[in-house]
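Please put together the full structure from these sequences, using the hints given.
Each protein sequence line maps, in turn, to chains H and L.
Start counting at 1 in the first sequence, then tack on 110, and there's your number in the working numbering.
Start counting at 1 in the second sequence, then tack on 110, and there's your number in the working numbering.
Hints may be right or wrong, so weigh each one.
Identical copies go unnamed one by one, so any copy, or any two together, can satisfy a pair.
[As the list claims (entries may be wrong)] Below are the BS3-like pairs computed for lysine-lysine, each with C-alpha atoms no more than 30 Å apart in a straight line:
| # | residue 1 | residue 2 |
| --- | --- | --- |
| 1 | K179 | K270 |
| 2 | K210 | K270 |
| 3 | K250 | K122 |
| 4 | K179 | K210 |
| 5 | K128 | K179 |
| 6 | K128 | K250 |
| 7 | K210 | K122 |
| 8 | K270 | K122 |
Derived by calculation from the structure, the hints in this document are not laboratory data.
Number of protein chains: 2
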Amino acid sequence: MAVSMETFAQWKNTTLEKLDQSRKGSVDERARHVVCLLNSQERFFTTSSCSGRIVLMDGPPEGGVVQKKDCRWLFISHDPCRSEDLVSALSRSSGEAVLKFEAFVLHVQCHRLEDAQLLHSVAVNSGFRNSGLTVSRSGKIIMAVRSTHGLEVPLSHGGKLLVGAEYVHFLTQKANQKMEENFRRIHRFFQILQAALTAESPDLQRAEDPAVTPGEQENQAAVYRRRRKRQQSQTHAERDEEDSCSLDDCLDLFS
Amino acid sequence: MAVSMETFAQWKNTTLEKLDQSRKGSVDERARHVVCLLNSQERFFTTSSCSGRIVLMDGPPEGGVVQKKDCRWLFISHDPCRSEDLVSALSRSSGEAVLKFEAFVLHVQCHRLEDAQLLHSVAVNSGFRNSGLTVSRSGKIIMAVRSTHGLEVPLSHGGKLLVGAEYVHFLTQKANQKMEENFRRIHRFFQILQAALTAESPDLQRAEDPAVTPGEQENQAAVYRRRRKRQQSQTHAERDEEDSCSLDDCLDLFS
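Structure below.
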């Protein structure tokens with residue numbers, strides 16, 4: 111079912127060339143080592159990435175379908191931010207401002223389904239539990255790394271701020287905490303991925319990361335063990351809960 | 111790579127029997143027609159579902175890793191709710207209360223990868239853009255229907271409310287709007303799924319849904335056309351944006 115390695119390599123070349131021609135032409139600093147490690151592997155290439163961000167968007171007043179073009183960016187940061195900057199950006203709102211923390215997102219095209227499965231296990235075990243595969247009819251297999259980790263707070267209506275500066279300060283702390291946890295998960299993703307790849311090919315040249323210990327080479331088997339356990343418990347637990355809903359999100363809500 | 115239909119049928123029986131023995135033993139009202147339609151098909155069975163909910167959870171004060179058992183439910187509703195009820199529930203917070211809107215979630219085990227691909231296309235085209243597949247090494251293929259549609263607002267700290275009742279009223283309206291949009295998407299999911307299944311087997315007995323028009327029988331081809339278009343544009347667009355991030359969420363933020 112997988113396409114030939116030649117076809118895959120052509121897709122990879124085309125995609126990575128396009129990246130170089132793009133406006134920004136670079137990958138977020140915090141995700142670069144992950145992107146480089148994946149692109150150094152014949153069987154993977156990344157098609158998009160964002161290391162995580164705190165954004166403040168201004169949308170039009172309610173009613174009707176909102177088009178992307180109608181949204182305006184008031185603030186964006188890929189690092190922890192200061193509440194003064196958010197308060198200042200909020201003062202420019204003329205519609206419905208919403209503060210969001212969006213976690214790490216990564217799309218990786220994979221040669222074979224097994225490659226995507228490995229990556230999916232790595233992602234889930236690093237804390238990116240909403241990760242999943244897309245398989246197109248033409249044979250393109252994409253693994254999307256996604257988190258359950260978020261924050262989405264409407265803050266103004268018709269340009270009028272609905273909360274005080276103290277609350278914005280509190281939200282900034284929350285967003286920054288989530289950003290730090292997000293960085294820890296990216297680091298974990300890199301470590302587990304590197305250990306899994308090294309276990310498969312012990313002669314793999316290690317990419318730059320200071321914190322990989324020898325014990326992590328045994329991580330690949332552990333990745334699968336934990337994954338299997340999680341799948342078994344999911345089927346049982348989720349249905350047994352009071353309202354057929356998973357309570358798991360609670361874990362992510364406050365961390 | 112798919113398991114035999116006999117093995118799949120056994121898994122299905124075991125899972126559906128367990129459901130009947132569970133504490134609640136029933137599926138959320140608003141998702142029932144979707145769950146029934148899927149379970150009526152030999153190649154699918156649902157392993158968990160939640161039609162969408164507005165929840166207020168109380169977590170412990172900051173610091174350390176938060177365990178599920180440390181979270182307390184102050185309020186839960188699978189329908190639009192009243193702000194008075196939220197304000198009243200908030201008064202019982204003793205830690206960090208967070209208001210969340212969580213959209214429709216559905217996990218479906220699929221016999222073959224093609225079955226999961228079909229379902230994935232239906233989900234994405236109904237607006238559930240964070241949907242994705244999980245493929246285990248034992249051959250279990252799960253399609254998870256997930257939305258980008260959310261709301262997550264911290265509201266108290268150490269039991270002390272950080273916002274006014276007027277803001278809680280505003281948030282209730284936002285959450286209720288998202289709930290209504292979520293219902294529209296579930297309805298769309300049901301319609302597109304039914305049309306896709308009917309196109310494959312014209313003699314399929316239609317499940318109860320009042321709003322399916324004959325034209326929707328042509329939807330299956332359209333599902334794939336739209337999906338293909340989306341995939342092509344994604345690869346190009348996401349990298350071209352100012353910061354390698356997708357702006358797509360803007361669409362969902364305010365709708």
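Structure-based check of all given hints:
Taking the shortest alpha-carbon separations for K179 and K270, only the intra-copy value of 21 Å comes in at or below 30 Å, while the best inter-copy value is 39 Å. For the identical chains of this complex, K210 and K270 are neighbours both inside a copy (18 Å) and across copies (23 Å), given an alpha-carbon limit of 30 Å. Within a single copy, K250 and K122 get their C-alpha atoms as close as 11 Å, and across copies as close as 29 Å, so both meet the 30 Å cut-off. In the homo-oligomer, the alpha carbons of K179 and K210 lie at most 30 Å apart both inside one protomer (18 Å) and across protomers (27 Å), since each shortest distance falls under that limit.
For the homomeric pair K128 and K179, the shortest alpha-carbon distance inside one copy (24 Å) is at most 30 Å, but the shortest distance between copies (48 Å) is not. For the identical chains of this complex, K128 and K250 are intra-copy neighbours only, at 18 Å inside a copy versus 36 Å across copies, given an alpha-carbon limit of 30 Å. Taking the shortest alpha-carbon separations for K210 and K122, neither the intra-copy value of 32 Å nor the inter-copy value of 39 Å comes in at or below 30 Å. In this assembly of identical chains, K270 and K122 lie within 30 Å of each other by CA distance neither inside one copy nor across copies; the values are 48 Å within and 53 Å between.
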